[in-house]
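Colleague: Please build the complete structure, drawing on both the sequences and the hints.
If you're matching them up, the sequences are chains A and B in order.
Residues in the first sequence are numbered from 9 upward in steps of one, following this note's numbering.
Residues in the second sequence are numbered from 655 upward in steps of one, following this note's numbering.
Worth flagging that the hints you see were computed from the coordinates, not collected in a lab.
Every residue gets a Cβ at the ideal spot worked out from N, C-alpha and C, and that includes glycine.
Careful, some of the hints might be misleading.
[Said to hold, decoys possible] Computed footprint of chain A on chain B, listed as stretches where at least three residues anywhere in the stretch have a Cβ under 8 Å from a Cβ of chain A:
id: 1; region: 872-882
id: 2; region: 910-922
id: 3; region: 931-945
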Amino acid sequence: MLDFLQAVSDGVLFGATYALIGIGFTLVFGVMHKLNLSYAAASIGGAYCGLLILQAFAGAPPWAVFLLAFVGGGVIGWLVYLTCFHFIPLANPLSTLMSTVGMLLLIDEIIVHTTAGMPQNYPAMFDDVMLRYGEFSMRGDLLLVFGVSVLGMIALLLLLYRTRLGLATRAVSQQPVAAQLCGIRLMRVNALTFIVTGLLGGLAGAMIGASVGALSPLLTTPLTVKGLIVTVVGGLGSIPGAIVAGLLVGGFENVFQLYRGVTERDLYVMLLLFVFLVFRPGGLFAVKGGRD
Amino acid sequence: MKKLAVTLTAAVATAFAAGTMLASGGALAQDKTIKIAGFGAKSGVVRSFGVNSEAALLAAADVINKKGGVKLADGSKAKIAVEFYDDRCNAEEGISVIRRIAGTDAVVAIGPTCSNVAEPLFGILQKKVGDASDSGLQFPVFTDVAIKVGLAKISDWAFRNVPNEMTMYNSLFYWLKTTHPQVKSIYGGVEEDFAHSRATWYVVMKTRAEASGFAVQGESKWLLNDTNFATQVREMKKANADVIAISAHPFTTCGVLKEMQRQGVKPKVLVGLTSSSSLETLQGCAKQAEGMIIPTSFAPVNKEAKYAAETTAKFKGAADLHSMAAWENVFILKNVIEDAKISGKPADVQADRRKIRDALAKVKATEGLLGTTKRDEEGEADKPYLFVHARKGEWKVLHNPL
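Modeller: Here is the structure:
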């Protein structure tokens, strides 16, 4: 029983990193009804930006890497919007899908060429903190990631429901034509959505780097896959859904690993995805309505 | 007078033309090149191996070229030109790359990085040399990195200069048993989806540890891209073995070591995979890897080895057991090419490849950076090795068993 609880706890805490990536996927989908497949790579790219800038200016405090990752993520988010969405006809759903796949590969290659493919150490926070209750233990750094993802969700919900930008974003998400008729600038809102998700992505990348203890180009593809699963399971466009699904997928993953072994683990996670696609295609928190 | 002037002008022009031709001929002779193709993973998961191999190949070729190059059958000298191809550590890509290389004027290839590429790639080479019924590719491949045990026997055209892990781990576990008699049990950690890591644990480490009298208590498994090792390390902790042997590449080795530190798993002895005795591991987790013992066929312990490492660094590569095998391969091939007396002419490229293969097959011993390497009839090497351990961010020699 303790093994089971420990596996669930480890998985749920690590699932917070999936949740952070899922939030980015779902926010862009909620606003534009498009998938940005480069999101996880851009998030890791943001974290790399922070690290590289920190390496260039020796003596900077370690916390600066998180701030720089946050800003770097926002800049990359804006660049992704410009290159993959702004100049590409949005009417064709495949064009943006393909452009973001291209961007994923491009970011991956830039990371690989900049770092020669070598994993880079990333400053950890609370890395040596373990909360113990007898045999049961919890990682301090993952609790921090969990806390940050909850705070990120709260901040995003406040932004969406308590600001003019949020109002405009929701208007564009629900009725883009009507929103434009009301004077909302569609392109501006879309660009700001990418910057906001980019900022969050940079933070997510930094948190992932801190919890893994290193940044590597190896992280981008698995995070993209997990982010997509989380988005579908949580419900496309639902931010609370992304959080819950992230934790759920992390927990399931670890339980499957405990009972079925590492080689079958991903098989069951994929089966979970198919179960949702067939029996609950809207995900846990299906979002009603959409753009016309 | 006018006739004399015309004759003189013609003579000068002829002499000038002849001189130009001679000069250009001389230049042509100087510019003669022998192409050696390198190939391996320069992208993807194990990119650093390809990057380091390429740097070592270029560095070794540069050293040889600065000393005049390689001697051909007609007595002239040719420079060695290295061209490196990326196979992305993918079997299909690797086969495509070797076919592409065979279509060039390269006389021999050094590579690949990954055993999962080497195995099928050797399979498309002609199995028995001279077998007219076998239409397999007739091209010599001299492997520097792909380390899985016993691959060269697949084809007469395949040769390797990789360490013999069976011998190395056999020696390591025997030494551990002798010097640490209190150490009795072993538990493994294995990167389950990578051919080398998997084979090294199940075929080499596990069997050799048992042969030396260790009680194998099981193994934890993870995948090459994994980032969360909590469950696996809990299994290690439960096993409470004296020795933990991690058969994984640097990225996940570091992830596991960090998790071991968090969970307070401190085995009496920590053993690592040959490929992890690299700079990458120390850059990723020097503190957690402190004390980890690895058998390796390279360490900068003598003048030649230090020189090879420093020269490779100038080409932006790190020296480790794999990249230094690439360095050695170029020098071995220089001698082989000279012994084989190849012409180096484009028209003779296939004949030259055959001569190189035959000469490589005859080699019984070569001089490497750590001493003499014996070669067997299957095309495999028996390289000298030593045990290193991580100490304060460096790989230091722990024991030389030879």
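Colleague: All hints, please: hold or fail.
Modeller: Structure-based check of each hint:
no., hint, result
1, 872-882, "holds (count 8)"
2, 910-922, "holds (count 4)"
3, 931-945, "holds (count 4)"
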